[in-house]
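Chains S and Y are the protein sequences, given in the same order. Just so it is clear: in the first sequence, position 92 is 92 by the numbering used here, and no numbers are missing. Just so it is clear: in the second sequence, position 184 is 184 by the numbering used here, and no numbers are missing.
It should be emphasised that the hints constitute simulated quantities derived from the structure, not laboratory data. Since this is a predicted model, take the numbers as computed values, not measurements. A portion of the hints provided could be inaccurate.
Said to hold, decoys possible - Some chain Y residues close to chain S (C-beta under 8 angstroms, calculated; not the full set):
| # | residue |
| --- | --- |
| 1 | Arg80 |
| 2 | Leu81 |
| 3 | Asp83 |
| 4 | Asp90 |
| 5 | Gln136 |
As the list claims (entries may be wrong) - Covered stretches of chain Y, as calculated for chain S (at least 3 residues, CB under 8 angstroms):
| # | stretch |
| --- | --- |
| 6 | 50-58 |
| 7 | 222-228 |
All residues carry an ideal CB built from backbone N, CA and C; glycine is no exception.
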Amino acid sequence: MLPDGTRLSETSSFADYLSVRAPELLPAARVTDAGSLAGVTHGTTIVAATFDGGVVMAGDRRATMGNVIAQRDIQKVFPTDEYSCVGIAGTAGLAVEMTRLFQVELEHYEKIEGTVLSTDGKANRLAALIRNNLGMAMQGLAVVPLFAAYDLDAGVGRIFAFDVTGNRNEERAFHSVGSGSTFARGSLKKLYREGMSETDAVTAAIQALYDAADDDTATGGPDLARRIFPMVGAITANGYRAYSEDETAAIADQVIAARMGRPDGPSAPLT
Amino acid sequence: MTQPFYVSPEQLMKDRADFARKGISRGRSVAVVLYDDGILFVAENPSQALHKISEIYDRIGFAAVGRYNEFENLRIAGVRLADLRGYSYDRRDVTARGLANAYAQTLGTIFSSGGEKPYEVEIFVGELGDEPAQDQIYRLMYDGSVADIQGFGVMGGQSELVETYLGEHYRPGLTLAEAIRVAVTALGQDTTPPRSVESSALEIAVLTRSRTQPRKFRRLRDADVVAALES
Numbered sequence: 001m002l003p004d005g006t007r008l009s010e011t012s013s014f015a016d017y018l019s020v021r022a023p024e025l026l027p028a029a030r031v032t033d034a035g036s037l038a039g040v041t042h043g044t045t046i047v048a049a050t051f052d053g054g055v056v057m058a059g060d061r062r063a064t065m066g067n068v069i070a071q072r073d074i075q076k077v078f079p080t081d082e083y084s085c086v087g088i089a090g091t092a093g094l095a096v097e098m099t100r101l102f103q104v105e106l107e108h109y110e111k112i113e114g115t116v117l118s119t120d121g122k123a124n125r126l127a128a129l130i131r132n133n134l135g136m137a138m139q140g141l142a143v144v145p146l147f148a149a150y151d152l153d154a155g156v157g158r159i160f161a162f163d164v165t166g167n168r169n170e171e172r173a174f175h176s177v178g179s180g181s182t183f184a185r186g187s188l189k190k191l192y193r194e195g196m197s198e199t200d201a202v203t204a205a206i207q208a209l210y211d212a213a214d215d216d217t218a219t220g221g222p223d224l225a226r227r228i229f230p231m232v233g234a235i236t237a238n239g240y241r242a243y244s245e246d247e248t249a250a251i252a253d254q255v256i257a258a259r260m261g262r263p264d265g266p267s268a269p270l271t
Numbered sequence: 001m002t003q004p005f006y007v008s009p010e011q012l013m014k015d016r017a018d019f020a021r022k023g024i025s026r027g028r029s030v031a032v033v034l035y036d037d038g039i040l041f042v043a044e045n046p047s048q049a050l051h052k053i054s055e056i057y058d059r060i061g062f063a064a065v066g067r068y069n070e071f072e073n074l075r076i077a078g079v080r081l082a083d084l085r086g087y088s089y090d091r092r093d094v095t096a097r098g099l100a101n102a103y104a105q106t107l108g109t110i111f112s113s114g115g116e117k118p119y120e121v122e123i124f125v126g127e128l129g130d131e132p133a134q135d136q137i138y139r140l141m142y143d144g145s146v147a148d149i150q151g152f153g154v155m156g157g158q159s160e161l162v163e164t165y166l167g168e169h170y171r172p173g174l175t176l177a178e179a180i181r182v183a184v185t186a187l188g189q190d191t192t193p194p195r196s197v198e199s200s201a202l203e204i205a206v207l208t209r210s211r212t213q214p215r216k217f218r219r220l221r222d223a224d225v226v227a228a229l230e231s
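Can you build the whole structure from these sequences, using the hints too?
Shown next as structure tokens:
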């Protein structure tokens with residue numbers, strides 16, 4: 001039997017539906033005592049950069065729990081529909097759940113309305129989900145995703161950053177979030193060029209993550225012994241494509257080889 | 001004071017069934033056919049926006065005949081049920097059987113309750129398996145009865161004529177183009193002499209194993225349909 005209320009067609013939003021039907025499943029619905037939590041897993045650095053014909057997003061693979069490494073091969077870049085992806089930094093448990101809800105939210109709208117949300121519509125929905133988590137963020141469990149999408153109408157890649165209150169900023173060229181983001185953004189600022197190719201953008205992203213890991217203890221660098229490299233996804237007019245381990249490893253190996261000669265990475269011209 | 005007339009339960013159910021059947025038989029038919037790579041849904045539907053065939057979940061498709069507002073309600077309820085279940089458990093835990101049961105309960109309750117009029121709809125729920133042998137199709141009637149379909153099925157309009165033609169021409173392991181041709185020719189058998197159905201009036205979608213994404217549902221564009229019909 002279909003549950004009561006499912007035959008009413010008042011909303012196309014899965015999150016709104018969930019808040020009526022099963023509010024306990026919403027990521028932000030739990031109340032905790034501030035300061036009672038120890039051993040919460042945190043994700044660290046995400047970078048994104050646009051290129052000619054799309055946008056690329058990459059994340060390191062480390063999750064930390066205080067001073068301990070909780071996981072060496074965590075996935076932090078998730079496709080959310082055919083033309084968008086989310087990279088997560090902050091409290092891993094909440095962030096992964098929020099991403100899952102966001103994925104269902106986009107798919108749910110698409111199935112019910114028979115059309116996909118606009119890129120701005122997607123970004124606004126994600127902002128609302130982040131805002132719902134504000135109570136948790138006040139208690140130290142913040143979730144700060146980075147959202148990247150290929151805008152089919154405009155034909156360009158777009159990047160959106162958020163703060164814990166759901167304020168959304170569109171970034172034109174590149175952006176970074178997480179504990180190593182200061183270093184990653186400086187690195188991208190140096191390496192980014194207008195109209196880069198996809199491969200160049202992926203290389204720049206991996207360089208930026210290397211620089212973040214170089215200076216931030218919570219960001220994981222390339223793990224040569226275990227062959228664990230950053231996770232990379234690119235979105236173009238053909239949709240989202242996750243780079244295979246071999247593809248990322250090939251680019252990462254080039255970056256590492258160059259760092260053997262110059263550990264601080266490529267230099268940019270002075271003027 | 002007037003006494004209400006006594007109506008026997010048999011007569012009451014028969015009247016409600018006649019009412020529902022009459023409503024359903026006014027529309028055109030919808031056919032579903034298993035082919036070598038998945039499940040094909042074919043509907044005659046001149047509208048590009050009001051769909052008779054839809055995606056419910058990764059591997060589950062939906063086709064309906066009858067009153068649009070009624071089956072649209074059931075479709076949305078199905079999407080919500082599937083998304084809620086997939087979100088609270090796992091995507092693999094959403095099954096056509098569970099959905100068909102929910103539809104059967106809902107339609108059965110509405111049919112036998114005194115208040116509401118029975119729904120004038122019939123529904124196919126199809127689920128794509130990992131292997132052709134695991135493909136499942138359920139047919140739901142206006143009174144909540146469920147049937148498990150093997151190979152092909154037709155509902156709505158003059159479905160007996162269409163079904164007879166399909167029965168004579170269907171064989172397991174059809175290619176997609178062959179399945180489309182058989183199904184489209186079958187839909188034209190509802191009049192004497194048979195008519196040919198314009199490709200622009202067709203709504204065709206498949207659940208196909210050849211899609212690499214988790215969501216296996218795909219609508220065929222007009223060009224794909226024309227190519228299949230002419231091949």
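Discussion item. Does the closest beta carbon of chain S sit nearer than 8 angstroms to the beta carbon of Y/Asp90?
Written reply: Constraint on Y/Asp90 not satisfied, violated at 11 angstroms.
Discussion item. Can you verify the interface hint for Y/Gln136: is its Cβ closer than 8 angstroms to any Cβ in chain S?
Written reply: violated, 20 angstroms
Practice prompt. Answer holds if the nearest beta-carbon of chain S is closer than 8 angstroms to that of Y/Arg80; otherwise answer violated.
Written response: holds, 5 angstroms
Practice prompt. With chain S as the partner, please determine if Y/Leu81 meets the hint condition of a C-beta pair closer than 8 angstroms.
Written response: holds, 6 angstroms
Worksheet item: For the stretch 222-228 of chain Y, do three or more residues have a beta carbon lying closer than 8 angstroms to a beta carbon of chain S?
Response: Our answer is that it is violated, as 0 residues pass the Cβ test (under 8 angstroms) against chain S, missing three.
Practice prompt. Identify whether the interface hint at Y/Asp83 stands, where standing means a beta carbon of chain S within less than 8 angstroms of its own.
Written response: It holds, given that the least Cβ distance between Y/Asp83 and chain S is near 5 angstroms, below 8 angstroms.
Worksheet item: How does the coverage statement for the stretch 50-58 of chain Y fare against chain S, requiring three or more residues with Cβ below 8 angstroms from a Cβ of that chain?
Response: holds (count 4)
Checked against the numbered hints above, the structure breaks hints 4, 5 and 7 and satisfies the rest.
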